[in-house]
Amino acid sequence: MNETQIRERLRTAVGEARYPVNLSSRIEARLKDPADGARRSWSGIRAPWLVGFGRMGAIAAMLLAVLLIAALAIGMHAWRTGDLNAPLAPAGTDPAIRQYQAMTVEDDQLLADAAPAVDTCNYYGDPKCLPAVAIQTRAVQQWLNDLNASRPPARFAAIDALIRGHLGRLISVNNAWAVAYQARNDTAVTGGDNEYGAESDALETLAADVIEASPRTTDSYQSAVELNRAYLVACTKCQQLVDQDPASCEAQAAGCWDEIATIRLQLESSIGDLVWGFAPSRFAIPGARLQADLLAADQAVYAMESALKAGDQAGLQAAQDLLRQALGRVDADSASIVRTI
Amino acid sequence: MSLAPTMMREAVAGDQEAFMLLVQPLLPVAYRLAVGMLRSQSAAEDAVQEGVLKAWRHFGRFRRDANLRPWLLTIVANECRNQRRNRWWSVITRSEAPDDVVDTNASLDPASVDLRHALHRLPHDQRVVLILRFYLDLSYEEVGQTLRISAKAAKSRTYRAVERLRLSPEVIPDE
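Protein sequence lines correspond, in order, to chains A and B. So the first sequence is numbered by my numbering: it starts at 25 and just counts up by one. So the second sequence is numbered by my numbering: it starts at 3 and just counts up by one.
Not one of these hints is a red herring.
With a straight-line Cα cutoff of 27 Å, these simulated DSSO-like cross-link-like pairs (lysine-lysine) come out:
{"hint": "1", "chain 1": "A", "residue 1": "K261", "chain 2": "B", "residue 2": "K157"}
{"hint": "2", "chain 1": "A", "residue 1": "K56", "chain 2": "B", "residue 2": "K56"}
{"hint": "3", "chain 1": "A", "residue 1": "K261", "chain 2": "A", "residue 2": "K333"}
{"hint": "4", "chain 1": "B", "residue 1": "K154", "chain 2": "A", "residue 2": "K261"}
Pulled from the structure, derived: some chain B residues nowhere near chain A, Cβ distances all over 12 Å:
{"hint": "5", "residue": "P7"}
{"hint": "6", "residue": "M9"}
{"hint": "7", "residue": "R11"}
{"hint": "8", "residue": "R66"}
{"hint": "9", "residue": "D67"}
{"hint": "10", "residue": "L70"}
{"hint": "11", "residue": "R71"}
{"hint": "12", "residue": "S152"}
{"hint": "13", "residue": "A153"}
Chain A is nowhere near these chain B residues, computed Cβ spacing over 10 Å in every case:
{"hint": "14", "residue": "A6"}
{"hint": "15", "residue": "T8"}
{"hint": "16", "residue": "M10"}
{"hint": "17", "residue": "E12"}
{"hint": "18", "residue": "R65"}
{"hint": "19", "residue": "A68"}
{"hint": "20", "residue": "N69"}
{"hint": "21", "residue": "W73"}
{"hint": "22", "residue": "T76"}
{"hint": "23", "residue": "Q85"}
{"hint": "24", "residue": "E143"}
{"hint": "25", "residue": "E144"}
{"hint": "26", "residue": "L149"}
{"hint": "27", "residue": "I151"}
{"hint": "28", "residue": "K154"}
For the record, the hints were derived by calculation from the structure and aren't laboratory data. Just so you know, these numbers come straight off a predicted model, no measurement behind them. Note that CB positions come from ideal geometry on N, CA and C, so glycine has one too.
Working from the sequences, and respecting the hints, build out all of it.
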């Protein structure tokens, strides 16, 4: 597919954007509003609802605002821990699912908030650098702790395992990065940055799949399963990894890293896609089986990677066999879902 | 003689009308960016409004010789990121739809619906590069300026994003 074709497909998918006729006038109106249009820091702006009240009135209003915020925070906490789930949840919603989604929102946000400090870490010896990485690692560990303290709803079982894997690797990457930074090892620092980017990208995507998960129609689910199967079949590098002699991975200068990265992307994208738009109830059981087999394939790929790193030829062969079997099951699971009338 | 340097001076000095005259021609492209990045038009409108207000508040720091378009697009793109991160509502308001849920993208063919879903599943940095390059038709140079990376890095990020979107980027020609 060339650039023109990609452009056409993307434009069709996103659709045309007609600029709203009154948007400019709304922006102008907001600019003229002193609350919005004042060009100074927010801390210097007196809240407009306090103007006209005396000092005591302002303090009372501020106290009221603090109390409201505290009440909201307590409410959020109680909701997250489940106390308020039953009354808040709309009819037909499983509280365990909403609780898991809410936990993912919070942990994903915590990690996102920790990232900017590390982004400004640009030179060796910056005293803010290692503490910022430590804060980020704590955010990752918090997410892992939350997952360990909860049991995922069946719908999220496979993606939960993927998220745990990425979180664990993120901690290792951060620890290795800190060591490389202290040693001023440019190559390892850059490698760590790249690995961190890949892991956090994967996490952000998987978190979005959980948070935005909603049911598909039967037709849409069958199409999605068929499409994901087609991606795997059409993935040349995936087939190479499954078919080639494992010894050739070690013989190649670049090993089989590219093939491993490609098949992992395909498998994780499939799991994420089938969570983001999950199976309608009639496909709940075969859908869960398909996800479990996709996860087994993903784990076999990780086992291949570990064996390759360790130079363990027998382990590599065994993991490749597991991968082949898991992909066979994925194919059969997909076919049975697609064929169901 | 171009009026832009005069308007720029006035806008930097705090003239709102001059600022609006400068950004007005850029608003449609900023809105287009927001529509590509977000799921709804109302969210896109919010992102553009907030982005322009932030641009105004920080306009005193804008370098007069810099290019205004990538500067504004950077701010709007960041605003889109903030909008997406504000996810409490998506969880609180979501309820289970029945099996026969009607797809809001019913007018699109299934492949386009899937592509749109896949686009929204990309991390922000990869989604924005695709939207800037393929939906806004920016050059890699301008994509790089907007994202504050080199044109080469913009191109390689685009390649990775296309691959992740599973559009098989066999050919991404040099410019």
